[in-house]
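For reference, the chains in residue letters:
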Amino acid sequence: MAQVLPAERDLRRVIGDADGSGDRELEGLGEQELLDLYRSMVLLRTYDERSLVYHRQGRIGTYAIFWNHEAMQAGAVHALEDDDWIFPSYRESAIGLLRGMPPATVLSWWRGHPAGWWNPEDYNVASICVPIGTHVPHAAGLAWGKKLKGERALAIVFFGDGATSEGSFHEGANFAGVTRAPLVLFCNNNHWAISTPLEAQTRAETLAAKAVGYGMPGVRVDGTDVLAVYEATREAVDRARRGDGPTFIEAVTYRTAPHATADDPRSYIDLERVEEEKKRECLGRYDGYLRRLGILHDELAESIRAEAAGAMRAGIAAAEAEPPADPALLFAHAYVDPPATFGSDLDDLQRVLGG
Amino acid sequence: MAERSIVEEINDALHVELARDDAVMVMGEDVGRAGGVFRATAGLRDRFGPDRCFDTPLAEAGILGAAVGLCMAGWRPVCEMQYDAFSYPCLDQLITHVGRYRWRTGGTMQFPLVVRMPYGGGVRAPELHDDSPETYYVHTPGVKVTIPSTPADAKGLLAAAIRDSDPVVVLEPKLHYRTLRGDVPGGEHVVPLGKARLARAGDDVTLVAYGSMVPVCEAAADELDASVEVLDIRTLKPLDEEALLASVAKTGRVVIVQEAPRVCGFAAELAAILAEKAILDLQAPVLRVTGYDVPYPYWQIEDAYMPSVARVVDAVRRVCEF
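Sequence order for the protein chains is U and H. Going by our numbering, the first sequence opens with residue 47, and the numbers climb by one from there. Going by our numbering, the second sequence opens with residue 7, and the numbers climb by one from there.
Hints listed in this document are in silico derivations from the structure and should not be mistaken for laboratory results. Take every hint as true, because none was put in to throw you off.
Here are a few chain H residues that face chain U, going by a calculated C-beta distance under 7 Å:
hint, residue
1, D57
2, P63
3, G68
4, G71
5, M78
6, A79
7, T102
8, G113
9, S171
10, P244
Rough simulated footprint, nothing fancy, chain U against chain H, three-plus residues with beta-carbon under 8 Å:
hint, stretch
11, 104-110
12, 114-122
Backbone N, C-alpha and C define an ideal beta-carbon position, used for all residues, glycine too.
Turn these sequences into a full structure, and let the hints guide you.
Structure follows, in structure tokens:
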């Protein structure tokens, strides 16, 4: 059952080179679906680029950049049904936008404002997981729990190459394997965990090779090829839906941006490789593919970009229009039945604050 | 009513609650086929099936992490940690997610899970089968903690924990799993969280304890000439401050007994509350009788580590003579 493609040269691709050599077409994806996928990528790209600007303007806090990761996020989500659950890490902070979450919600999260809290059940998108890999068991548990209830929904969990060194990744993957949970483990291998390169993270030939140890298939795709990601995820989803259990997807890409706004990678990263990777960044590749098919042209691309830019302008305006957070929220939400001491703590706080 | 042991009542509570609510499930290491290493989950797998009494891989963080996801799918998982000190890997999930997830969702989702485990020493066991880890759990925001000391409370508090909408950690005194027996109501029996139990009424001094230290306090009270009140805290969070302050208002003298190491233990929290809210009621310093700040010892000298009747009697004499 377990199978792993041996090396990077065997990465699955659908989008060929700039001259069109190697282009494939995927069954079941019509013009409308292909353009929807493009819209999703543009929305994520616009979110990311605007967020960097907002950070520099002091309008949001520290921000984890995901530039050139959009193909992995959009390609995978488009292979899901709306009832399927998404478990994002901070690198996928804006993935809820693909489920209709307003940009203002995610911007509020990065602004440290409680308006950035959402109800996961509204979008079937779990809360952003900040500690590395600890949400893998959550996704395994949810997927297993849905299966036990006889429901159709499955789960996908996103994490990076560094997360595969974490114990919780191992325990979650193993749990999913043992319970044959309908789970897609989606590893965004961008080769860097802040400053730690992949070769310092593991001596495994590939990350997908780890799947063998959990009794699940491991597949490798080009993470900058949105259609390859879509195809691999669709196969994993079909497998899970058939009751054949979890799949590990290693999407290979390269981090072309700092880890986050507080990081300066110039001291550790290969800047020439970064420039090479930027030339084949995921949105540009897909843009070229659609144009070769005659589906996309300047006017349409411009209108899609304008739509995304408009959504972000409205999003940051709405996030900044949120009233200041009420300090009373300190004591809200942690418990269904809060301890009695919360009442006197709040009274004391309001007396000191003059509220 | 029948004389029953603590572990029998834990088992009964699980049978009653799984029968009562289809969403309740038990998961842990060896809970199914073996019925638990202490037999706390005996018979559940046969009665409710392997999905609702699930033998997990050996992975404490994975168990609790999966339980978070199970809650999101509508289940109410009851997780067994096989021993106190083997629960430490699950602290990662407990601190980073279990206590925070509801807050993180703006109070929109519930995580009605239970973590239950045998705790405490005195059982002549190898290393790391003897710890009293309650402080780690009580210190974690978003999590409730309860520790029964009698068979009736073992059943009733576990039932309350399972029915509670918040995550609850239940520490069970393994020393008394089979040695302490008592009358217990059959069928559904719920003891509300957050209510202390007056184990013994008295006027001169209050002994405050929970779990396996309650019988030690009762034995000390038997030896003393003074009129000793024994307050069984039962739930560490939420704490029944009212019962604590009422007892101290009556006696004016307090000894707090805890098996865990002293520094930052729960006795320190209780003493701090008394300093803040009962200073004018106190006739003597609040004393603590606790384990020492050392690793839990080899079992040949564990009796010297455990708070004993003699140490409690000594502390009571000191506060009474102050």
